[in-house]
Structure formats: structure tokens, C-alpha cells
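Chains A and B are the protein sequences, given in the same order. Going by the numbering used here, the residue at position 338 of the first sequence is 338; the numbering climbs one at a time, nothing skipped. Going by the numbering used here, the residue at position 67 of the second sequence is 67; the numbering climbs one at a time, nothing skipped.
Bear in mind the hints are in silico, worked out from the structure with no lab data behind them. Ideal Cβ placement from N, Cα and C applies to all residues, glycine included. Hints are not guaranteed to be accurate.
Stated by the list, open to error - Per the computed footprint, the stretches of chain A lying under chain B, defined by three or more beta-carbons under 8 Å from a beta-carbon of chain B, are:
{"hint": "1", "region": "132–144"}
{"hint": "2", "region": "298–304"}
{"hint": "3", "region": "333–340"}
Here's the letter readout for the chains.
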Amino acid sequence: MNRFASAREKQGQLLLLAGILLFLASLILTLAPAARERSWSAELRWTHWFGFFVWAIVFGLAHVLTCRRLPDADALLLPVVSFLSGWGLLTIYRLIPGFGIRQTIWLLIGGSILLLGIRIAPELHFLRRYKYIWLTGGLVLTALTLAFGTNPAGDGLRLWLGCCGVYLQPSEPLKFLFIVFLAAYFAERMPLKLRPLTLLLPTFIVMSIALLLLIVQRDLGTASIFIFLYTAILYVASGKKRVLTISLAGLALAGLAGYQLFDVVRLRVDAWLNPWLDPAGRSFQIVQSLMAVANGGTLGRGIGLGSPGLVPVAISDFTFAAMAEETGLAGIVALLLLFGLLINRGFHIALHAPDNYRRLLASGLTAHLGAQAILIMGGNIRLLPLTGVTLPFVSYGGSSLLTSFVAALILLIISSQPEQEPAALAKPDPYLLLSGGLILGLIALALTSGWWSIWRGPTLLDRTDNARRTIADRYVHRGSLLDRHEAPINITTGDSGDYLRTYVYPDLGPITGYTNAVFGQSGLEASLDPYLRGLQGNPARLIWWDHLLYGQPPPGLDIRLSLDLELQANSDSALGNHKGAVVLMNAATGEILAMASHPTFDPNRLDEQADSLLNDPDSPLLNRAAQALYPPGQALGLFYRAAGWEGIPEREPALQWNDRLGFYTAPPLRLPVSETSTPDELLRVSPVQMTLAAAALSNGGIRPSPRLATAINTPEQGWVILPALSEPVAVFASSQVIALTDELILEGRPCWLWSGTGGAGTNQVSWVLGGTLPDWQGTPTTVVVLLEEDNPELARQIAIFLLDRSIAR
Amino acid sequence: MSGVVVLILRLLLAAGLYVFLAWAFLSLWQDLRRTSQLLASRKVPPIGLQMVTGDGSSAQIFFARPDATIGRDPANEVHLEDHAVSARHARFSYHHGQWWVEDLNSTNGTYLNSERLKIPAVVMTGDVVRCGEVTFTVSLPGETVQSDQNSAETVRIENPQQ
Numbered sequence: 001m002n003r004f005a006s007a008r009e010k011q012g013q014l015l016l017l018a019g020i021l022l023f024l025a026s027l028i029l030t031l032a033p034a035a036r037e038r039s040w041s042a043e044l045r046w047t048h049w050f051g052f053f054v055w056a057i058v059f060g061l062a063h064v065l066t067c068r069r070l071p072d073a074d075a076l077l078l079p080v081v082s083f084l085s086g087w088g089l090l091t092i093y094r095l096i097p098g099f100g101i102r103q104t105i106w107l108l109i110g111g112s113i114l115l116l117g118i119r120i121a122p123e124l125h126f127l128r129r130y131k132y133i134w135l136t137g138g139l140v141l142t143a144l145t146l147a148f149g150t151n152p153a154g155d156g157l158r159l160w161l162g163c164c165g166v167y168l169q170p171s172e173p174l175k176f177l178f179i180v181f182l183a184a185y186f187a188e189r190m191p192l193k194l195r196p197l198t199l200l201l202p203t204f205i206v207m208s209i210a211l212l213l214l215i216v217q218r219d220l221g222t223a224s225i226f227i228f229l230y231t232a233i234l235y236v237a238s239g240k241k242r243v244l245t246i247s248l249a250g251l252a253l254a255g256l257a258g259y260q261l262f263d264v265v266r267l268r269v270d271a272w273l274n275p276w277l278d279p280a281g282r283s284f285q286i287v288q289s290l291m292a293v294a295n296g297g298t299l300g301r302g303i304g305l306g307s308p309g310l311v312p313v314a315i316s317d318f319t320f321a322a323m324a325e326e327t328g329l330a331g332i333v334a335l336l337l338l339f340g341l342l343i344n345r346g347f348h349i350a351l352h353a354p355d356n357y358r359r360l361l362a363s364g365l366t367a368h369l370g371a372q373a374i375l376i377m378g379g380n381i382r383l384l385p386l387t388g389v390t391l392p393f394v395s396y397g398g399s400s401l402l403t404s405f406v407a408a409l410i411l412l413i414i415s416s417q418p419e420q421e422p423a424a425l426a427k428p429d430p431y432l433l434l435s436g437g438l439i440l441g442l443i444a445l446a447l448t449s450g451w452w453s454i455w456r457g458p459t460l461l462d463r464t465d466n467a468r469r470t471i472a473d474r475y476v477h478r479g480s481l482l483d484r485h486e487a488p489i490n491i492t493t494g495d496s497g498d499y500l501r502t503y504v505y506p507d508l509g510p511i512t513g514y515t516n517a518v519f520g521q522s523g524l525e526a527s528l529d530p531y532l533r534g535l536q537g538n539p540a541r542l543i544w545w546d547h548l549l550y551g552q553p554p555p556g557l558d559i560r561l562s563l564d565l566e567l568q569a570n571s572d573s574a575l576g577n578h579k580g581a582v583v584l585m586n587a588a589t590g591e592i593l594a595m596a597s598h599p600t601f602d603p604n605r606l607d608e609q610a611d612s613l614l615n616d617p618d619s620p621l622l623n624r625a626a627q628a629l630y631p632p633g634q635a636l637g638l639f640y641r642a643a644g645w646e647g648i649p650e651r652e653p654a655l656q657w658n659d660r661l662g663f664y665t666a667p668p669l670r671l672p673v674s675e676t677s678t679p680d681e682l683l684r685v686s687p688v689q690m691t692l693a694a695a696a697l698s699n700g701g702i703r704p705s706p707r708l709a710t711a712i713n714t715p716e717q718g719w720v721i722l723p724a725l726s727e728p729v730a731v732f733a734s735s736q737v738i739a740l741t742d743e744l745i746l747e748g749r750p751c752w753l754w755s756g757t758g759g760a761g762t763n764q765v766s767w768v769l770g771g772t773l774p775d776w777q778g779t780p781t782t783v784v785v786l787l788e789e790d791n792p793e794l795a796r797q798i799a800i801f802l803l804d805r806s807i808a809r
Numbered sequence: 001m002s003g004v005v006v007l008i009l010r011l012l013l014a015a016g017l018y019v020f021l022a023w024a025f026l027s028l029w030q031d032l033r034r035t036s037q038l039l040a041s042r043k044v045p046p047i048g049l050q051m052v053t054g055d056g057s058s059a060q061i062f063f064a065r066p067d068a069t070i071g072r073d074p075a076n077e078v079h080l081e082d083h084a085v086s087a088r089h090a091r092f093s094y095h096h097g098q099w100w101v102e103d104l105n106s107t108n109g110t111y112l113n114s115e116r117l118k119i120p121a122v123v124m125t126g127d128v129v130r131c132g133e134v135t136f137t138v139s140l141p142g143e144t145v146q147s148d149q150n151s152a153e154t155v156r157i158e159n160p161q162q
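Please put together the full structure from these sequences, using the hints given.
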């Protein structure tokens, strides 16, 4: 008796451990909101404790009852099953608490059946005797869905029979009854002789009816499970390898036919083979699932701390991805080991079964649980095409949970046969091959999970369709954009969980851009994102620690820009409603003091205005100062004169001069700028390029390197200067510059000015270039005004106004 | 702070998961060890057969292997030159903690204590098995051991270390 007592002791210890682990997991889930918001004042989660207590009661009673009624039953089966279902239950609570409560009720129902089954510990012959009735019942139920089928989610496949809020998916019990039928049928005819007509025809008919029903319903995942189950049981019963070959060929044919006939199959297979072609459409689910796995990394984000809700139907089809995100590769490998244990125990029980019927039944049930788990987990991580089957014991769904519990109950009962010797085994090969194949499947799953979560993880998480970045924006303080006197331009307001980007100086919209959950990022918000998001500039240790704790970057860094908000306001008011751009620059340092692009937009109101902004023919989202190229026209004359030419130079030297002026080089700013013209095409120049070239005339012939973002505020060293990205270039001889600017001098001011038009017809633009004289003792300043209209006089007035303001400043 | 507390809990959970699994695998290994010890402790008690042939000559046979056949064919473990004995006549075998004798469909039959064998039967010390003209008197290692077979077995099961 001692041996059996010790098995039950083992079961008790493991169940207790499972209980402790689930208690820990529940505690983490409760505290998760506090960790996410980084304060204890968050609203904690409590509903899942109801599920935990129901779980504890069900499996506590199951333990007591097995000790009394099934003292010889397998010691590991119940703990493994209990842990899987508890883990699944908590995952469901974590995803949608309302569904967690429903699943708890299903757990209560399934648990009651389990407890009742252990209490009665029935001989399994009643299943065997009435096999045709059971199977017919299952088929009829499934057939009923053709007429009365509904989908609890509203639309989609109509696979459920339901009334009053309770839904049953008959294909789940049908799978179970199919196994019972095949086990009974083949056990009666052992040793099997594979005679197609007498032996196999009845089973073929039964399977064809089942397959036909499932195919009509488009429940193709379950259909493939049926084919697998038939093959597995027939192979185990007969021991003939050709069963496998024929079935494999049949499965390949069925797959090919399915690919040709059904859109669903084609869609799923295409999404499996080429998920990166259409990540926003057909392969949205699988790509999101892979990103969830990648976000899990090694240790996972912590239960309740990831964003598994981003994967569609995470609750049933993608439970595995949700678990991967929150428990990481460590959790996934543990989950796979649990299924490995289940498969091991299942086949152990099968081999020790006292007769062929129970042996086939145990093999069939184990193969079913194992194969279905591998099928859906493989679908989640792109090892296999996606099929909409459930993860046994784990994913949401009452029918699946009930069926899995009944399977576990039967395995427990079969394992509890102390006095009987195992039946003689004709051929051990099928058991070795089948269990070996399933274990290999689990190993492949572990390796693939590692591939996505570790190896490919960083690349996946950097994808722009990874919504976790926008979620982090709501919880992590984003750095501010400040002007040169540290006056706010773009700041983040609100509390953790509700952070909102606020644009204090909205007219800078085209330049500083926006950061938006729906429309992404633009302007400086996009180009300086790594600093603002805290991924650059922070110590690597801090980034690592915050990623470990919260799965999020540390608070972002403030960035100081060279802009002067007062001059900026002057520029914006001067430009007014005219389409065009203004750039005001410190000619010596290259610091951009003001950059205006009109028409502008208000990034605070992007959500309501985005559509009209995107379709506006005036393109208000465009930064005309840096992202638009205009024909330079007469403005070029200034530089040709500075170079010492009279009139228009030859083509070759002109091209060389264009290059020296920087017109073929994108200005190296930490700001999105447009591609430049090439020497082969008609020259077009952006206002920033023009300003840099003009700055040479106020800076003794030296073209400065442009600067806009000048410093970042790091937590350890305070303000750190961001260096310019290029070197100043000497373009003109200093004497020529002095001579030329003397000719262009503005009456009564220490400034020079040059104006001209470019382009023709409706594309005509007015340029005005101006600046302080090279020998000016104050801040050397350059201004460029561009108007998308033929109005050099207005441009001139704006330029003079801005020069006056900047000199006065 | 909340993040650190949750991180500690997360690490505990991850470690606990593997403790659970290690415990489960340990229990599998213990199961394996127990089974192997159980099988190893099931030594076949050597059966002794006092053989008396038709011409009065006698011999003492012992075997410790769990299976032995008797017959006229030289391939048998006990080879008899007796015309009343079939080529493969009878079998002694040890299973379920007992020595058994069964008739292998012989022409003249196998007799246990003068009764013809129809199904395999358990033999004990003193039993006489007759094949043709040859009789075998069974002796097992000690009457006491024989009668206490089951309890001795149980003792070994209870204390596998012994």
C-alpha cells in the first residue's frame, strides 16, 4: 500500500506547489497596474481571485477524492492538468475579466464532472458498449449547428449551439466521441488486418460524415485534427507504417484541395508563408502575435504588464502568444514541458492499460491533446499555418475545457488499475513513434519561440506597426522640446496612464511635428524620437532596468532647440496667411533661430483634422523650409556675383558652384529634410539650403554647419551639447564677400539684401536673401524668405522686418 | 517601488515554475527507480526437480531461469529420451510470483499429482509432475519461503533500499 500512498503524496505536493504558483501569479496580476503606473495609488485588479479560489476548491477536492477512490491513479496527471487550467484561467482574466468569470463557471462545471467521475470511478465499458449511439449523438449535435448555429461573438463561423448566454461548440465533444468510437471499434477487431472493405469502410463512412460537416462549417482546423486522430489510432491499433504514408499523402492532397477550394485555407497558408507582405491586412494576426512573443523576451513582461490585447482574439486562438508576452521564453518552455509531461503520462498510461480498448482510448486522447496543443501553438508562432483550434485546458471556451477535463478524467481512471497486468503489446513502435513525434513537435516549438523572442525580437519590436510604442507613450513621460531659452514648445502633460502630448506653440507644427497614437510621428518628434523616448542618451543600465521592470523605456530626455520663440513669433506673424517659408539663422554658428512654414496646422487638433489636413492641396503638414525644393531663379545671381562672375556662368563651373554651395547635399540636421536635386536635373533648392549658402556672405565666406537640436538634458550630466553633424566650408574669398555685401547694403542698416524670383507661371516663387554685413560686431544673422507667389516686395518687407528684430534682440 | 516588488514576484514565479517541473521530473525518475528496483528484487527462486525416468535412474535438476521446456527434442532445456514424451511436452515458467507448469499440447499429456493438466497450474514443493514415464518431484527453496512468498515480496516493496 505504501507505494500508492506515496504517489498520492506526490500528487498532493505538486498540487500544493501549483496552488502556490498560481497564488503568486494572481498576486502579480493584482499588483500589475501599480507597477505599470509606477505608483501604489493605481486601481488594482481583484476579480481573478474568484477564479483562483474556485480553482483551489475544485482541485483540492479532486485530490481528496483521488486519494479515496483512485488511490493508484497517476501522480502527475492531475497536477499538470490543474496547473495548465489555472494558468489559462488567469490569462483569460488578465485579457478580459468578464470572460474570466465565464471561464470560472465553466471550470466549476468541468470540475464537477471531474469530481463526480472520480467519485463514481466508472468502468469505461458503458462508453464502449454504446459507441454508435454516442457517435451518432455527437454527429447530430454538430449537424444541428448547420441549421441553428450561432457565434457568441456575433459574426464569424457559426459553430456554436447556444441559448440564454450558454454556448456549446459540438465539434469539441465530437472529437472526444470519435476517439471513443475508434478505440472501441478497433479494439474489438484486434489484431487488426487492414482489409479496406470489411474493417475500414465503416470508420471511413463515419469519418467522412464528420469531415463533411466540418468542411461545410468551414471548421477546417478541427477537420485536420480528425484526420490526424484517425491516422494515429489506426496506426497504434494496427502497427502498420503504411497507414502513416497513406494518411500523409491524403493530408497533403486534402491541403492542396483546400488551398484551391477555400479562401480561408488560401488566406491562412499565404499569411503563414509570407506574413511580411501584408502585415496590416491578411497577416495582421500572425504579425501581431509574433510581436507579442518578441515583446516577451526571456523573462516576459510580467503578468498584467504586457499588451497581449493587441493581438486579435488573444483569448482563444492566441492565448499562447499572450502567455509568451507576459511570461517570456522561460514561461513558454515551462508550458511546453507541462504538455510534454502530459504526453509522457498519457502514453505511459496507455502502455500500462489492462486491455486494448483502454490502451487505444488512452493513446487517442493523449494524441488528441498533444496534437491540438502543438497545432495551435505552432500557428501562433508561424511554425504551422494558423488553425482556429483551442489550446487544451488553457484557452477560453467551455466546450473545449469540458472535453479536456473528461479526457483527463478517463486517463486518470485508466491509470488506476493496480492489480491488472498490462495487456500484451504486439508492436511497441507506434507508441514510440507517436510520442516521439509529439515531443519533437514541442522541441520545435521551443526553438521557434526562442528564435522570435530572442533572435528576431529587437527587429520585430522596432516595427512601426508595433502599437506597444504608443502604449508606452501613455505611461512614460516623453521629453520636452524647448527653445533656446528653455521655453516649452512641445511638452507632455497629464498623469502616467493618460500622458498627452501638448503643443504649446502650435504654429511650429510643420517643423517640430507631432507624436500621435493613430497618425504616428513627424518632424522633430520623429527624428529626435530616440532621445524623447528615453532610448538614447540615458545610461544603458537604466534602459535595461526599466525594460526589465516595466517593459518600457525610462522617462525621455528634454531637448533644447536653437529656436528663439520670440523671433519665431515674429516670423510667423510676418508670414501671416502667405504660403511660404522663413529661415532665420545665426550665420556664424549655423543655429537656426526661427523656421516658419505656412500654411501651418495645430498638432493639438490632429485627431479631428487629420483627414482634411492630409487632403489639403496646400499641404499644411509639409515643412516648406526643409522638405520642399524650389527653383532658385534669380537668387542664384547673388552667389555667381560673390564668385566673381558677370552674368551667367558656363554649365560646368555652375554645377561645381552649386555643389560648393551645398545645393546637392541634404543639410545635415536632426530634422526630416527632402532629397536634394542632382546635377543632372534642373536645380531646385530648399530654403534651409539657401540660408546656409547665404550665411556665407554674413560669415566672411564660410558656410556654417546647420544646427537645430543643440543639447539634451541627461539625468547624470545635465545638459549635454549635441554636436553639429558637419564641418563649416569656406566657399567664397573673404574680400569678395565684403566687396559684394558693400554693394548690396541696405540704407541705414548694417545689412545686405538680395531679392529675385524663380520658376514661371503658377509655380513662380519669390526669394529674398539677406543678412548682417560680414564686419558687423553683433550676432551675424542671415534670413531667407520664400513666398510661393510673385511678390518680391512683400518678401523684402518680411526680410527687413526680421533682420531688424534679430539685430534688436 | 511597485515595479521592484512585482519583479521579485515575477522572478519567484519563474523559479517556482521550474521547481514544479523539476519536482515532477524527479517524481518520474523516482518512479523509474522504484520500478527497476522492484523488477530487480523479483529474482526467480530456483526450482529443483528430482527427475526419475522409466528405467529407475534419477537425477537432480535445478534451474534459475524463468522459463524451461521439457521434451524429446534436444532443443528443450530438459531433454528426455522417452517415446511417450512429445517433442515439446511441458513448460515450467515463473511469473506472478509463482512457478507454473503447463502442458504444451502433448500427445500423452502432462500430469500434476496424477491429474491431467488442462490449464497452467501453480506448483509447490512436493508436487509430482509426470510426462510420459518420467516423473519430476518439485522442490522450491524452502517451504517457509514458499508460503511466505507474498509477504516477503511486500516487505521488499515497502523498503526498496533493503
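TODO: Please flag the earlier hints that this structure goes against, numbers listed from lowest up.
DONE: 1
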